[in-house]
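Visitor: Chain by chain, the residues:
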Amino acid sequence: MENLVDRIAHTYKGDSGINFIDASNLPVRGEIIQILDLLFEVLFPGHTGKRSITKSNIKFVIGDVLCQIHAELSEQIERAYRYQCRIQKCEGCDCRKMAENASRHLLTQLPKIRELLKGDVGAAFAGDPAAQSHEEIVISYPCIDAIATYRIAHELYLKQVPLIPRIMSECTHSKTGIDIHPGAKIGKNFFIDHGTGVVVGETSVIGKNVRFYQGVSLIAISIPKQAQSIRGAKRHPTIEDDVTIYAEATLLGNITIGKGSIVGGNVWIGKSVPPGTTVSMAKSQSLYEHRKNNRHSKKRKNR
Amino acid sequence: MENLVDRIAHTYKGDSGINFIDASNLPVRGEIIQILDLLFEVLFPGHTGKRSITKSNIKFVIGDVLCQIHAELSEQIERAYRYQCRIQKCEGCDCRKMAENASRHLLTQLPKIRELLKGDVGAAFAGDPAAQSHEEIVISYPCIDAIATYRIAHELYLKQVPLIPRIMSECTHSKTGIDIHPGAKIGKNFFIDHGTGVVVGETSVIGKNVRFYQGVSLIAISIPKQAQSIRGAKRHPTIEDDVTIYAEATLLGNITIGKGSIVGGNVWIGKSVPPGTTVSMAKSQSLYEHRKNNRHSKKRKNR
Amino acid sequence: MENLVDRIAHTYKGDSGINFIDASNLPVRGEIIQILDLLFEVLFPGHTGKRSITKSNIKFVIGDVLCQIHAELSEQIERAYRYQCRIQKCEGCDCRKMAENASRHLLTQLPKIRELLKGDVGAAFAGDPAAQSHEEIVISYPCIDAIATYRIAHELYLKQVPLIPRIMSECTHSKTGIDIHPGAKIGKNFFIDHGTGVVVGETSVIGKNVRFYQGVSLIAISIPKQAQSIRGAKRHPTIEDDVTIYAEATLLGNITIGKGSIVGGNVWIGKSVPPGTTVSMAKSQSLYEHRKNNRHSKKRKNR
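So the sequences go chain by chain: A, B and C.
The C-terminal residue of the first sequence carries number 317 in the working numbering, and the numbering is unbroken.
The C-terminal residue of the second sequence carries number 317 in the working numbering, and the numbering is unbroken.
The C-terminal residue of the third sequence carries number 317 in the working numbering, and the numbering is unbroken.
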């Protein structure tokens, strides 16, 4: 066993990147999950059913929760900034102050985020005939978890907080199967039905009243071995207002889907379309073959 | 901070739907997850390996677990009914009694559900060459978690219990990536291989001996802004007995896939097909282009 | 209630496979999750941020963790072997010794696994313009969780440990939506972007420097009712070195995708292609229809 420890310890030498030795202050994933839970308490007060919230205690409860969030989030953000200073070998940054500013920025955006989430819940109710009530949507729909987490993480992304926005987005990705990069820009009244497999890349822009089904992907063209050189460039789609995109459609590269367009399911699209376009699989896509009654068998191309 | 609390509290006014203030008795998601765990103990006794179950103690253990389920489930269902009475402003409902009835209904269906699950596990073993044993399937296959949860939630859906069936289905959706609405009707010997991205909408009907691969979606045609007007209508596919549907196929609207049909992968299909039909991507679907040896390059359309 | 207990207990008779009565020593899923967490501490020391790891304490910490893993993993593997002996009615196996050997085998492979994971993290950084640092990838990218778990589970699969490799792979499948069977063979520098819906079947072979996007499936042709007869046969694709496969492509059966090929998104492919091939949806795949300005409406087939 001692020999094995030596062999493994040997592999730790000079491997920054997959080791975190002498780096004890990284953000802690478990803490960030707890902070998200607290933020959800403010955004949807009482939704967990665990805590009785009334008109008379609401301000005390929320005030208490906000103080807790600010303390814990500042601590985690400070760890993230310090980590970055170490990597970039910069000196003299006041990481503590930057962290408190970023945390305060997020908190002051909460009223705006609540307004946006009201619109998102309303869009889900308007768009899904299976929805029984707004409450059911908040309590159980995965898209609300994913979109609320995105709207939180996006504010920290704007403050260039390292690591934490992505940890947040991967938490909800794990829970919901919806992978929205914190850098994307998403307008109001956004609804994702079912959601599993949805991908929204870093430089995507999504307008108002947009609706996605499961498996819709806004991704970049892959340029093997040159990825780092295009870091930051606009490389994902722009979806204008009032667009609906059906299940498993893949949209590739820095294209624009014009206002009011409809993109059909399982479509793979790599160029822009003007407003009001319907894109669908060509009629010849499916081949039907009747196996029974062979004498009368026929092949038809149709849809 | 005090100012921020005021601003946030201000957004809570008049927002029923995304707030749950003065609504302390909502069902608690964490409790429902625990109830599901207990139900799984009855359906697959001993599968967690945590508790030693023997022929001599089995009746005591199961009796104990059933009493626990009934107490906790009645409590959660009562919360759900009370929530609905409040929303619908109805009076005089005996929510406690209705809750106990619904809970008892589910418990009395457990023997039937066990019979169905035996068939589902058998279908998985018969259908998956990678399966080593029935035990491996029960312990590790996500489709068993998803189908067992569906069969439980469906019984509560039939009793029109609000919120809880959907909370249950979203729990397993989060764990497995399989999204089966509690309202769907699913026959025996149902197998879903891999499972991530499967969607079965509320009014879907699935016959016996049906097999799905990952990403198969039974969804409704989207009619923006009119969703609530078609609530309750049959708007999802009917899949007859002995049908196999391959990965990522999307089936749209109130169509019927006839008995014994095979639907190929990545197909998008919006009309009914008679029994014994094979539906696949048309031969012209894929374009092959050889990039090497340019002088001899050729383009072929084939599959 | 007593009557119900009797009815349920009656369904337990003679149902091996979905009951685990008198089988108290099955592997415990919760324990296996903890063992995976400990293994990740060795593979990516300090990545959780929970524990301060320094150059001076690293050998003690790792030595301590390795001893803990060996004790707990041997115990779980012994349960798995004993379960199999019971099923196969074999006698005289020294399950304890076999378990310790399998556990020791895994531990001695950890240096090799670390080398492989360095390559995988490097491939993610090289391939994803949204990646800010190697640390971000280790801490938050789902593909690292999935690939590291696969590389661990594969070593136990090679030692023919029952149940546990699959429990491990389904743990990460649940977290990441990536379903890699422990039996697959995967070369170095493997990157999966986004990941939700990826399926890599049991007899798949993947070369070096391969990159997948979300939803890529390497699956077998389904032969209903004959699954058990083809157990063990090579029935999944072989992907040669330097291949990129885009989102939602499905590759079916024992085919070979030649070195350096590119497979486009949403493609469904069931035959081998030579090295250097580009496979994409045919140009005629998508139908564009402009709904606005009806007088000037036109239909175009294009992509």
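Calculated from the structure, these hints are not laboratory results.
Among these hints, one or two may not hold up.
If several chains are the same, the list does not tell them apart, and a pair holds so long as it fits within one copy or across any two.
Listed next, the in silico EDC-like pairs over lysine to aspartate or glutamate satisfying Cα-Cα at most 16 Å (straight line) [stated by the list, open to error]: (1) Lys285 - Glu105; (2) Lys111 - Glu89; (3) Lys273 - Asp256; (4) Lys126 - Asp51; (5) Lys173 - Glu105; (6) Lys73 - Glu86.
Visitor: So, for every hint listed, does it hold in this structure?
Guide: Hint check:
| no. | hint | verdict |
| --- | --- | --- |
| 1 | Lys285 - Glu105 | neither (45 Å within a copy, 57 Å between copies) |
| 2 | Lys111 - Glu89 | within (11 Å within a copy, 48 Å between copies) |
| 3 | Lys273 - Asp256 | within (6 Å within a copy, 39 Å between copies) |
| 4 | Lys126 - Asp51 | neither (18 Å within a copy, 38 Å between copies) |
| 5 | Lys173 - Glu105 | neither (19 Å within a copy, 51 Å between copies) |
| 6 | Lys73 - Glu86 | neither (20 Å within a copy, 31 Å between copies) |
In summary, the numbered hints that this structure violates are 1, 4, 5, 6.
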